[in-house]
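Here the protein sequences line up with chains U and S, keeping their order. FYI, in numbering that gives the first Met the number 0 the residues of the first sequence are 0 to 260. FYI, in numbering that gives the first Met the number 0 the residues of the second sequence are 0 to 309.
Some hints could be false.
A few chain U residues facing chain S, derived, Cβ under 10 Å [what the hints assert, rightly or not]: (1) 71; (2) 75; (3) 96; (4) 102; (5) 103.
Pairwise CB distance ranges, derived in the manner of DEER restraints [as the list claims (entries may be wrong)]: (6) S:136 - U:110: 16 to 26 Å; (7) U:110 - S:72: 24 to 34 Å; (8) S:92 - U:123: 43 to 53 Å.
The hints are simulated quantities; they were obtained by calculation from the structure and are not laboratory data. Ideal Cβ placement from N, Cα and C applies to all residues, glycine included.
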Amino acid sequence: MLLEVTDLDVFYGRTHALKGLNLHVERGEIVAVLGANGAGKSSLLSAILGVVPPRSGEIRFDGVDLSGRTTPMRYHGGLVLVPEGRRIFTSLTVAENLLLGAHNRTDKSEIPTELDRICARFSNLAERRDMPASVLSGGEQQMLAIGRALMAGPDLLMLDEPSLGLSPLLVKQVFRLMQDLNREGLTILLVEQNTRLALKIADRGYVLERGAVATQGTPGELLSDTALHEAYLGQSQNAGRSGRGPARSNNESRIEPRERT
Amino acid sequence: MTSYQTGLLVILSINIVIAYGAYLPIAAGQMNLGIAGFMALGAYASAYVANNAGLPPIVTIFIGAGFAGLLALIVAVPILRTRGIYLALATFALGQIVAAAILNVELVGAAEGYSVLDHFGLATIAPITIATIAVVAYLNRTRFGLNLTAISQDELLANLFGVRTRRLQIAAFTLGAFFAGLGGALHAHYYNYIRPQDFNILLSIYIILFVLLGGTRSVLGPIVGAAIFTFLPEIFRDLDKKFSAFFDQVPDWLGQASAWRFAIFAALIIVFMMLRPQGIMTRGATRAAARWVAWCVRRLGFARSSGARP
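All chains, please: the whole structure from these sequences, using the hints.
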């Protein structure tokens, strides 16, 4: 088991953000964490990364208890985040942003090779390598945020709402990319509000509600769960219909669901 | 060079060193309003050692700078727990404590001031300034510089990518205090007489302005800022003579026209901060300047080689 979260309790002042949460991620999986705003998705990531100290409970990564480890130590251990809203360093160049991601590499000779690999994957970034990151479009910034995280050679890649603020076409690209990375062996923990899309690429999913796991299971199980349907999928379906309905369903259908054996 | 011009260059050299004292913490996202306090520490420590220990003067100024840096390192741990405006106030208080303490220490003359026996001229001070610029330029090119920029923009995210933000902020604060102390020591050895009130809050604010006006993202920023603050008031000094036709029109009740140069200067700062809040030297401007210098060098080289041809 790569990541194991047991009975996790997190408080922000008096607010009980996570209430005895249990979750695990196996090596090579894509695990989706779903739920409405304020369900505790971001608190979970914060606790895993050591930004918020848990009141009680345990987080194990690769068998090692993470309590007492600082955020930089967890990054050096292979836990890397693609933050919500990208949060790239706009005053640095594209290449410098990527370089910052590779902070953990002790063997500096690996960095140029890795930089070339990332640039080969994201041709848009390669063209703008020496430009300030502020000139990038939203989609390119998201690619840069992912590229920056990949520079670290993560063991577990965590993405916080990667579809937020992107056009349907770009969302499709980002999710395709996650699929590709996963096929190459990367383990992914995906926090998403776009439930349907997340379940298309995930192996398993957790639905959070008021700081605890409401349901969990394979995408098939979750999609057939009528309660979930009403609570979340119903919502997102309606949102899809009233908003950019046709475009979205069109794009989603082009992402192939995971083959399951 | 007249002694007036030499004097101005010395002041510029000292101002540049001190400006780096403010630049390093600002590059790490910290506003240090106690720069004058660290200058005072460097000035008094170097002066005391120079007057009493019989060491070479050049050694004493680095002892002074080291003393300022050491004290900064000690106070950095508690003081850097504060953020933003609170950090500014804490460092301001620190500067006041230093000045008030010196005011009471009879060993270094207390309120009467303190004489420094050794004297430094431009020939000693300018190389130290150039060395300081070289050190900061080198730091800016390393990971250290990159990490400082990352911290100043998004501290949490820098932390998420393995940057030990606290350690780096302490390093930037300490190194800044070292340069402030170095500048203070040079000040002491140039003027040969120091008083606690020379190192007041107004000086700290001016030094912060050097950096903000010059640019916080480039090594050239503090140089440009210090140059503007050193030369512009001097240029304005002649202005009322040059434009006497205009300044003679100033009604008497406004007082002397030349006294208004600081008001004009301050107004210009406000206008400038509105028009270019990022400072004069941005990273782009620095690159453009580097290209321009390279172009000039190439042209000079070309002219020389073609001229040498028979």
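**Asked** Close enough to count: is the Cβ of residue 75 (chain U) nearer than 10 Å to one in chain S?
**Response** holds, 6 Å
#### Entry: chain S contact restraint for residue 71 (chain U) - C-beta distance below 10 Å
Given a least distance of 4 Å, the restraint on residue 71 (chain U) holds.
Are residue 110 (chain U) and residue 72 (chain S) spaced within 24 to 34 Å by their CB atoms? holds, 31 Å
Report holds or violated for the interface hint on residue 103 (chain U), using the least CB-CB distance to chain S and a cut-off of 10 Å. holds, 5 Å
Does the nearest C-beta of chain S fall within a distance shorter than 10 Å of the C-beta of residue 102 (chain U)?
-> At about 4 Å, which falls below the 10 Å cut-off, the nearest Cβ of chain S leaves the hint on residue 102 (chain U) intact, so it holds.
Chain S contact restraint for residue 96 (chain U) - C-beta distance below 10 Å = Holds, because the Cβ-Cβ distance from residue 96 (chain U) to chain S comes to roughly 9 Å (cut-off 10 Å).
task = Using the Cβ atoms, figure out if residue 92 (chain S) sits within 43 to 53 Å of residue 123 (chain U).
result = This hint holds: roughly 49 Å between Cβ atoms.
For the range 16 to 26 Å, tell me whether the beta carbons of residue 136 (chain S) and residue 110 (chain U) fit it or not.
holds, 22 Å
In summary, this structure violates none of the numbered hints.
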